[in-house]
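Student: Given next are the chains, with one letter for each unit.
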Amino acid sequence: MSGVHVLAHGVGSRHDLPVSAFHAYAGAFAALLFSFLALGLLWPESRFRGDRSGRPLPAVLQRAADSRALRGGLRALGLVAATAVLVHLVAGPDDPARNPAPGAVYVLLWVGLIPASMLLGPVWRLLNPLRALHLLGCRALRRSPDTGRREPALRLGHWPAAAGLLAFTWLELASPAPASRTALLLFLLSYAAVQLAGAAVCGRVWFDRCDAFEVYSALLARLAPLGRGADGRLVLRNPLNGLDATPVNPGLVATVCVLLGSTAYDGFSDTPWWINTLQTSPLGRTATATAGLVGTVTGIALLYVVCAGSARLIAGPVPRPLGAFAHSLLPIAAGYLVAHYFSLLTTEGPRTLVLAVDGAGAGGATAPDPPLGPAGLATLQVTAVVTGHILGVVAAHDRSVRLFPPARAVAGGLPLLVLMIGYTLCGIGLLVA
Amino acid sequence: MRPGRDRRPRRAAPALAAAALVLAVGSCTERPTTHHGSGTGHDVVTGPAGTLLPGDHGEHAHDRLRQVPARDAPTVALTVRPDTEDGWNVRLAVGRFRFTPDSVGGAAVLGTGHAHLMLDGKKIARVYGGRHHLPAERIPPGGGTLTARLVADDHTAWAVEGRPVQDSVRLPGASPGASPGASPGASPGASPGASPGATPEPGDDRPAGQSGETPSGGSSTRESPSSGPSQSGQAARTVEITIAEGRISPAPGRIEVGRGRPVDLRVTSDTDDELHVHGVDRSAELKAGRTTTLRVVMDRAGLFEIETHRSGLVLAQLAVR
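Line by line, the protein sequences give chains A and B.
Counting in UniProt numbering, the first sequence tops out at residue 433, every number present.
Counting in UniProt numbering, the second sequence tops out at residue 321, every number present.
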C-alpha cells in the first residue's frame with residue numbers, strides 16, 4: 001500500500017509514547033534518593049581495581065574465543081555483510097521500506113552494537129570490515145599491519161572518533177535525507193576512505209583509537225561483564241571494574257559528550273515544540289537541526305567541564321582533571337541509549353532482517369510490535385536511565401575518593417553528583433516530553 | 001563502509017554460519033527475532049489464497065474470512081457521488097485486485113474476485129466492476145452506512161488480521177444532491193474492520209481521499225472530538241489542519257487517541273502534496289485549495305507522525321494509547 005517515501009528520521013515510523021508522570025516521578029525520586037544516600041553511605045576508600053580484577057574464564061573458552069577460526073570467521077562475516085549493504089545501496093530501491101541497507105546501518109549497526117557490546121565486549125573490533133580490508137591490503141603488500149607512525153594516532157586519541165560519531169549522528173538526525181541511498185553511500189564511502197587512510201599512515205592502532213564505531217563499541221563494552229584483564233586473559237568481572245579501567249585517551253570526554261548529546265537531541269527532536277521550531281525557522285530545517293544537535297552536544301560538554309573544573313577547585317589539583325571522571329558519564333550515556341533505542345531495535349531490527357533475507361516484497365516487510373506494552377516500555381526506559389545514573393554516581397565516587405585527599409573527597413565529588421542529577425533529570429524529562 | 005551485523009543467509013557462506021552462531025549467543029541481531037511472536041511472522045500463510053479463518057464472525061455476516069498477509073492483501077476505497085436523476089453513483093477503487101466475473105463460484109485466487117455492497121451490514125448487491133449505481137429507494141429514510149467488501153470467487157471475504165478488506169461511507173437519507181460538502185460528522189460509518197481507503201463526503205467523485213469543495217479559509221483550524229458514534233461505539237475524532245505557505249495551523253502538536261478509535265484527518269493545503277500517516281502507512285493525495293479527509297484507525301500503541309511527503313512537513317503526531 002505504501003508509496004515511495006523517505007522518512008524524516010532515518011528509519012522507523014513508530015516513536016515511543018511519552019512515559020507517564022508516575023514513571024517519571026518514580027524514576028526521578030529513585031535517582032535523587034540514591035544520590036543523597038551515596039553521599040553519606042558509599043565507601044571511603046577506592047575499591048575498584050580496574051583490569052586487575054575479575055575471574056578468568058576456563059581455558060577451553062579462552063582458546064575458543066581466541067581461535068583463528070572464530071576471528072577469521074567474524075572478519076569474513078563483517079566483510080560479507082558490508083558487501084551486502086553496499087550492493088543494496090547501489091542496486092536496491094531508494095525506499096527504506098523496501099531496502100534493508102538504511103535499517104542495517106541505523107538499526108543493526110548503530111543500535112545493535114549497544115546490546116552486543118554491553119554483553120559481549122568490543123565486538124565491532126572483530127567485525128569491522130575496514131580492519132579486514134586493511135589487513136588484506138597489508139598482506140598483499142607483505143608488510144605488518146602494525147607498520148606506521150603510531151604517534152599521530154596516539155596524540156589524536158579519540159578526537160577523530162568523536163568527529164566521526166558527530167558526523168554519523170548528524171547524518172541520522174539532522175541531514176535532509178538520512179535514509180536515501182546517495183547520502184548513505186556518500187557517508188560510508190568517505191568514512192571508509194578516511195579510516196583506511198588513517199590506518200595506512202598509523203597502522204592498525206588507528207582503528208583502536210580513532211575509528212568512531214570501534215571506539216563507540218569499545219566504550220560501551222566497558223560495561224560488559226566480559227572483559228580482558230591486564231594480562232590479556234578473558235575475565236568475568238563487575239562492570240564497574242571494567243568501567244574503572246577505561247583508558248583516559250585524549251578526546252574521551254568529547255566522545256562521551258557526543259554520545260550523550262546526540263541521544264538527548266534525538267529524544268528532544270520528537271517534541272512538538274522542536275518540530276515546530278524546525279519547520280518555522282528562517283534558517284531552514286537542516287541548519288536549525290544542525291544547530292540543535294551541535295548545541296546539545298556543546299551544552300552537555302560545557303556543563304561537564306564546569307563541574308569537573310569546580311571539583312578541582314574544591315578538592316585540589318589532580319592530573320588530567322577532565323579525563324579523570326569521563327568514564328563515569330559512560331553508564332549515563334548507555335542508559336540514555338537503551339531507553340531511546342530499545343523499541344527501535346526490537347521493531348525495526350527484525351524488519352530489516354526479514355527484508356534482507358526475504359528480498360523486498362511488493363510492499364516490504366512490516367515491523368512487529370515492540371515486545372512490551374506502553375507501561376512496560378516506560379518502566380524499562382526509566383529503569384535504564386536510573387540504573388545508568390546509579391552506576392555513574394558510584395564510578396565517580398570511587399574515582400574521587402581515590403584522587404582527592406580524604407578530607408575533601410566527598411566535597412570534591414559534589415559538583416559531579418549535581419551534574420549527574422542534572423543529566424538524569426533531563427533524561428527523564430526527555431522521556432516525558 | 002560499516003554495514004550492520006546483519007546476516008543474510010543467502011549470501012553468507014555456510015562456514016560463516018558457524019561463526020555467526022558463536023556470536024549469536026547474546027548478540028543484537030538474534031534477540032529481536034524472538035520478539036517475532038506467533039501470528040506476526042511473514043510465513044504464516046502458505047498457499048496463494050490465504051488461510052480460511054474458522055467461521056461465524058457475527059458482525060461480518062454472510063462471509064467467511066480468508067486471511068492473507070497485509071502486504072499481499074487487496075485494498076478497496078469506496079467513493080459515492082449523488083446522481084443527478086436518482087440515488088448514488090458508487091465507485092470502488094481497488095488495489096492489487098481484479099474483478100473476475102467469469103470465474104465466480106470457482107476457487108479463491110489471491111487478488112481476484114468481486115465485491116459485495118452492503119447497506120448497514122446487509123448485503124444489497126454483488127458488484128463485478130469498479131462502478132455501480134445505487135437507486136435512492138434502496139436507502140432508508142434516515143440514511144445508512146454503505147460498505148464495499150472484497151470477496152473471492154468462492155464468496156469468502158478477503159481479510160487482513162481477522163478483519164475483512166472493506167471500506168464504508170455514510171449516505172445521508174434525504175435528497176442527496178442537496179447536501180454537497182456535508183459536515184464532517186456525516187461520515188462515522190467505518191466499522192472497526194473498515195480501514196483501507198479514505199472516507200470522503202458525499203458530493204465528490206474524485207478518488208478516495210479527496211473530498212468536497214470546502215474552501216481553504218484560515219478559519220477552518222479546529223481540533224475537536226466530534227462526529228456521531230461509529231459501529232464500534234467509539235466516536236470518530238476529527239482533526240483539522242491547514243497548511244499555507246509552509247506554515248501549519250494549528251502548530252504541530254500531539255493528538256491523543258485510543259487504539260481502534262477512528263480519526264478523521266481533514267487537511268487543507270495550498271499546494272498539491274501527499275498526506276501520509278505513519279504506523280498505518282496510509283496516504284492520500286492533497287489538491288491545492290481543497291480539503292482532503294483521510295480516516296485512519298490506529299491499531300498499535302506509539303507515537304506516529306502525520307506528514308506531507310513533497311514538502312516534508314510534520315503536521316502533527318498521533319499519540320496512540
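A couple of the hints might just be wrong.
Take a look, some chain B residues computed to stay more than 10 Å from chain A by CB distance [to be verified]:
| # | residue |
| --- | --- |
| 1 | L52 |
| 2 | T100 |
| 3 | A107 |
According to the in silico footprint, chain B covers these stretches of chain A (three or more CB under 8 Å from chain B) [stated by the list, open to error]:
| # | segment |
| --- | --- |
| 4 | 274-280 |
| 5 | 412-422 |
Read the hints as simulated data drawn from the structure, not as lab findings.
Model, not experiment: these values are computed from the prediction.
By construction, the Cβ of each residue, glycine as well, lies at the ideal position given by its N, Cα and C atoms.
Student: The structure should be examined with respect to each hint, and the outcome stated for every one.
Tutor: Hints versus structure:
No beta-carbon of chain A comes within 10 Å of the beta-carbon of B/L52; the shortest separation is about 22 Å. Non-interface status of B/T100 relative to chain A is upheld: no Cβ of that chain comes within 10 Å, the nearest being about 20 Å off. No beta-carbon of chain A is positioned within 10 Å of the beta-carbon of B/A107; the least distance is around 22 Å. Residue count for the segment 274-280 of chain A with a Cβ under 8 Å from a Cβ of chain B: 4. That meets the three needed, and the coverage hint holds.
Under the rule that three or more residues need a Cβ within less than 8 Å of chain B, the assignment of the segment 412-422 of chain A is violated, with 0 such residues.
In summary, the one numbered hint that this structure violates is 5.
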